[in-house]
Amino acid sequence: MPANKKYLTKSPWIRLCRILLGTLGGYTVMISFHVLLTALFPPENVIATAFFTGYLLWAFLLFWAFLEPKLWRLALTYIGLTLLFSLPYIINH
Amino acid sequence: MDQRKYNIYFHTHTISGIVIAALLYVIFFAGSFSFFKDDIAAWQKGKSLSNVDAPVDFNYVLDSLGTKYNLQGRNFDFYLLRQGHGTYVNMSVSQDTTISKPEPKTEKSKGRKRRGEKNEDSAYFLHSFVDKTQSSYDEGYDMGEFLYRLHFLAPLNQIPIRLGTPFGYLLAGIVSFLFLFALITGLFLHWDKIKNNFFLFRPWSKWKTVWTDMHTVLGVIGFPFQLIFAITGVVLIVNYVLISPFSKFIYNGDQDKLYQELQYNRTMAPTYSYKPLAKKLDVNAFVNQWMNEWPESDISRLYIRNFGDKSMEIALETKPKPSANFAGSGYISMKAIDGKPTSVKSPKTDATYVDWVKSLVYHLHFGDFGGRTLRIVYFVLGLLGCVVIISGIMIWLVAREKPNIPAYKRKFNFWAANLFISMSLGMLPVTAFTFIVIKLSATVNQSFIYSLYFYSWLVMIIYLLILRDLTKVNKHTLILSTILCLAVPIVNGIATNLWIWNTFQAKSYDILFIDMLFITMSILSAFAFFKVKKQAKSFKILK
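Sequence lines, in order, name chains A and B.
Its first residue numbered 1, the first sequence is counted upward by one per residue in this note's numbering.
Its first residue numbered 1, the second sequence is counted upward by one per residue in this note's numbering.
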């Protein structure tokens, strides 16, 4: 039994959007989150921790791109979170 | 259960899984064998390392190089093999421009140097401390190295697609990340049934149930193991994806500084003085002094800069034995002129947080912290991963074998699955076949192994594809595996007289182990073959 199609994204373009948003958005959120952590902890330790947490977080964020029903909310969340996490960095530089 | 979410879990798991299935199988299969890389090397060369003591002797390497080259002003890097019985040696051209002939800068030499590539005045080779022989990378190449490098798809680097990194490595990284994604979606998909179905296995049910049970039960049991491999796999092969933005944002683009803080490399760039060093430095004495200081550790690397010049520097990197310290790294650098250490980091006491994380990645992926027993456990878990992949492909296929699905789609699905299964199941007989032919051949080097393995694999795949019947593919590969795996120890005995009873008596346990491994696989294949022959309910697709 393949997955029931009525619950899946029908348009291939929207599906492509989701994949790209999840990949790129997930990546920027993940990186900015760890950059934020470098303000609190020694950077080399944060980067080393990201070896594990970074890829896991990224994969989860990509996963979420398929679960969120509204595309605009997905895009806004990625952008919003990235900006929010980067705030200290943007202010400092 | 939320129907929408459930179906999304289902679909994302299916797609990410089927896309990477074939390559992931190659990675798991070759990777599982790579746990025995050193044993395979010993088996192939017929030289056991289980009971030989090979003291490291850097002076010998330098002296013998000195008879062929003028060593003045050169840099040396020694990369020691894991068991310490040999070392890769990289010798640069001299810093002294009166000795080194300035090379015309070509476009190619600017890029990173490929493995084994050299110009006339530098050298890169493998030196064995056991019999003090030297061989080029190509000559020293063995099946252990081949399977190890196949498991991160290094042979695909030949494909000239350059996206900042060799194509094979990039592909292996993407597969590994998608594997992580498939693991997460699979866990969500199966979450509600994890407890109830933990031991659920219904081998007498119809095929699809058998495959589903195999996939979910072994998937759940192997989940922690596979998750570790998905993550550490990405880290080990394409970690620059994660690191480069940090070097840009935190280190202002100074990538070297970041790599130094993560202890991937350490700068040693003394300025060449053009004044010869009065007294020759005894490299062995330096190494032995520090290895006595840190008895519970192994040498991993040795660096020499500006050999024979007053600015000469030497540095030693060590790793603690996992039994003594799980994490840590030792480092000592010294100026040759005064013999005083410039930087010391003990592998025993100075472990940093970064050391901890890196050791975790390294030990968990290589399974080198619990001796052979642990490697066998890792090997079995790795092969269970292969089983999960194969059963996944089968579920994918039969779930789409329905009357309401158009014939052209079913045809495509069948051929895709047929290709994946033939590729995957063909690997064991092809590997055993390569082991056999290698034993019967006079010279074995990289290109020989490449053509032998890949052409026989290709022939195997074509043969299995034209059977056009997955039951037959299974039976034929099982019987071929039985015969060929059994032939491995026999051919080894005939060709080198290293029969299992001889290697047992000589305590050559590494060679014995590989023979026993193949005998075990032969027995298991035979067992599976007879089971399939007797009990298998046949199933037909597209017929």
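You may find that some hints are simply not true.
Unchecked claim - So, partial list: chain B residues that the calculated Cβ filter (under 7 Å) puts toward chain A:
| no. | residue |
| --- | --- |
| 1 | His-11 |
| 2 | Ile-15 |
| 3 | Val-19 |
| 4 | Leu-187 |
| 5 | Leu-236 |
| 6 | Ile-250 |
| 7 | Gln-260 |
| 8 | Glu-261 |
| 9 | Tyr-353 |
| 10 | Trp-457 |
What the hints assert, rightly or not - Derived pair list, reagent style BS3-like, types lysine-lysine, alpha-carbon separation capped at 30 Å:
| no. | chain 1 | residue 1 | chain 2 | residue 2 |
| --- | --- | --- | --- | --- |
| 11 | B | Lys-335 | A | Lys-6 |
| 12 | B | Lys-531 | A | Lys-6 |
| 13 | A | Lys-6 | B | Lys-409 |
| 14 | A | Lys-10 | B | Lys-208 |
| 15 | B | Lys-507 | B | Lys-248 |
| 16 | A | Lys-70 | B | Lys-193 |
| 17 | B | Lys-208 | B | Lys-358 |
| 18 | A | Lys-10 | B | Lys-411 |
| 19 | B | Lys-358 | B | Lys-345 |
| 20 | A | Lys-6 | B | Lys-68 |
| 21 | B | Lys-345 | A | Lys-5 |
| 22 | B | Lys-206 | B | Lys-534 |
| 23 | B | Lys-531 | A | Lys-5 |
| 24 | A | Lys-6 | B | Lys-195 |
| 25 | B | Lys-132 | B | Lys-507 |
| 26 | B | Lys-310 | B | Lys-275 |
| 27 | A | Lys-5 | B | Lys-206 |
| 28 | B | Lys-280 | B | Lys-335 |
| 29 | A | Lys-70 | B | Lys-208 |
| 30 | A | Lys-6 | B | Lys-345 |
| 31 | B | Lys-507 | B | Lys-68 |
| 32 | B | Lys-340 | B | Lys-310 |
| 33 | B | Lys-507 | A | Lys-5 |
| 34 | B | Lys-472 | B | Lys-409 |
| 35 | B | Lys-321 | A | Lys-10 |
| 36 | A | Lys-10 | B | Lys-345 |
| 37 | B | Lys-5 | A | Lys-10 |
| 38 | B | Lys-206 | B | Lys-507 |
| 39 | B | Lys-5 | A | Lys-6 |
| 40 | B | Lys-310 | B | Lys-321 |
Think of the hints as simulated: they come from the structure by calculation, not from any bench.
Since the structure is predicted, the reported quantities are computational estimates derived from the model, not experimental observations.
Virtual Cβ for every residue (Gly too), placed ideally from N, Cα, C.
* Any hints this thing doesn't respect? Which numbers, in order? -> Structure breaks hints 2, 3, 4, 5, 7, 10, 11, 12, 15, 17, 20, 21, 23, 29, 30, 31, 33, 35, 36, 38, 40.
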